[in-house]
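Q: Using the hints, position chain B against chain A.
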Amino acid sequence: GDQVEQSPSALSLHEGTDSALRCNFTTTMRSVQWFRQNSRGSLISLFYLASGTKENGRLKSAFDSKERRYSTLHIRDAQLEDSGTYFCAAEAGANTGKLTFGHGTILRVHP
Amino acid sequence: AQTIHQWPVAEIKAVGSPLSLGCTIKGKSSPNLYWYWQATGGTLQQLFYSITVGQVESVVQLNLSASRPKDDQFILSTEKLLLSHSGFYLCAWSLTGDTGQLYFGEGSKLTVL
Numbered sequence: 028g029d030q031v032e033q034s035p036s037a038l039s040l041h042e043g044t045d046s047a048l049r050c051n052f053t054t055t056m057r058s059v060q061w062f063r064q065n066s067r068g069s070l071i072s073l074f075y076l077a078s079g080t081k082e083n084g085r086l087k088s089a090f091d092s093k094e095r096r097y098s099t100l101h102i103r104d105a106q107l108e109d110s111g112t113y114f115c116a117a118e119a120g121a122n123t124g125k126l127t128f129g130h131g132t133i134l135r136v137h138p
Numbered sequence: 043a044q045t046i047h048q049w050p051v052a053e054i055k056a057v058g059s060p061l062s063l064g065c066t067i068k069g070k071s072s073p074n075l076y077w078y079w080q081a082t083g084g085t086l087q088q089l090f091y092s093i094t095v096g097q098v099e100s101v102v103q104l105n106l107s108a109s110r111p112k113d114d115q116f117i118l119s120t121e122k123l124l125l126s127h128s129g130f131y132l133c134a135w136s137l138t139g140d141t142g143q144l145y146f147g148e149g150s151k152l153t154v155l
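Those protein sequence lines, which keep their order, are chains A and B.
For the first sequence, the numbering used here gives the first residue as 28, with consecutive numbering after it.
For the second sequence, the numbering used here gives the first residue as 43, with consecutive numbering after it.
So here's chain B without its partners, still in its complex pose:
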């Protein structure tokens, strides 16, 4: 069975500090991977997606970057956090070659002060 794990569960960070959020998929080779962001009380917005190692497409620029260093790993990061980065970050996966059905991780809650 496939499992998706996100870390950390929650972070409180200062404006201007760096950030790294991680996502690991187990039990599925070459999945499509996605990062979504949800402002408090808001809808979900797709940030990035990746169909293979080393390849990442940006959907919305929020002064964030993403990388896929391994087939089963997707990293979201920035060197300087803004207040507007606060929210809930969700990683998701779908089968190769078809966005089809998405399966989400448990999410990471980020509070920027």
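The shape of chain A in the complex, shown without the other chains:
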């Protein structure tokens, strides 16, 4: 089965509100990354975490450092330009070269 379970699959937010995306892993992961896919289809890297939390502007991500079985992406004060598809991707083993992606969250921010 899937190693990475991403939720929700779709999310609709009013401008100015906060929300969070989550990825659960069926096995212990070494690291996690979060991406936003732009309208062209390319993936923009938001965060890379081997542990702990990182923050960048209105975005904040956390990776469970104890059991390494989930990660979250928090969006604060959502703006229209945050709309898009968000993916998490996790790596299980060191230097395996293999990232497993979640199925994505389609985020729509509306006025």
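Please keep in mind that the hints were generated in silico from the structure rather than gathered at the bench.
Fair warning: this is a prediction, and the values are worked out from it, not measured in the lab.
For each residue, glycine too, the CB sits at the ideal point set by N, CA and C.
Each hint should be verified, as a subset may be incorrect.
To be verified - A few chain A residues that don't get close to chain B, going by computed Cβ distances all over 12 angstroms: (1) T54; (2) Q64; (3) V136.
Unchecked claim - Which chain B residues face chain A? A few, computed with CB under 7 angstroms, are given here: (4) A81; (5) L86; (6) F146.
A: Showing chain B alone in chain A's frame:
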């Protein structure tokens, strides 16, 4: 600064025809290189990765092959396209010796008719 360039941007090809997609990395020596595929509306699936020239590991077999003829170049190809090959192909790189953080190219959209 590192740049990653993919070509072509988009292709429309007939079933049974050959395909070659390319990816070039500038500004980083000996990167790890990756090919990913995304079906329309789907998630991303890793196809191949390479840690050095001439060495390519297959992750998922989709009747495609990959080669790394130069340190900064990664090629994805097939001699006979299938309808199921349609989708979006993304090349990515990471630092040598550590898959760590991946950086993606702009992608190539393939439509097989």
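Q: Does each hint hold? Answer for all of them.
A: Taking the hints in turn, this is what the structure says about them:
1. Every C-beta of chain B lies more than 12 angstroms from that of T54/A, the closest at about 16 angstroms, which supports listing it as non-interface.
2. The Cβ of Q64/A sits about 9 angstroms from the closest Cβ of chain B, inside the 12 angstroms cut-off, so the non-interface label is violated.
3. Distance to chain B confirms V136/A as a non-interface residue, since its nearest Cβ pair spans about 20 angstroms, more than 12 angstroms.
4. Taken as an interface hint, A81/B does not check out: its beta carbon lies about 11 angstroms from the nearest beta carbon of chain A, beyond 7 angstroms.
5. Checking L86/B against chain A: minimum C-beta separation of about 4 angstroms stays under 7 angstroms; hint holds.
6. Nearest Cβ of chain A to the Cβ of F146/B: about 4 angstroms, under the 7 angstroms cut. The hint holds.
In summary, the numbered hints that this structure violates are 2 and 4.
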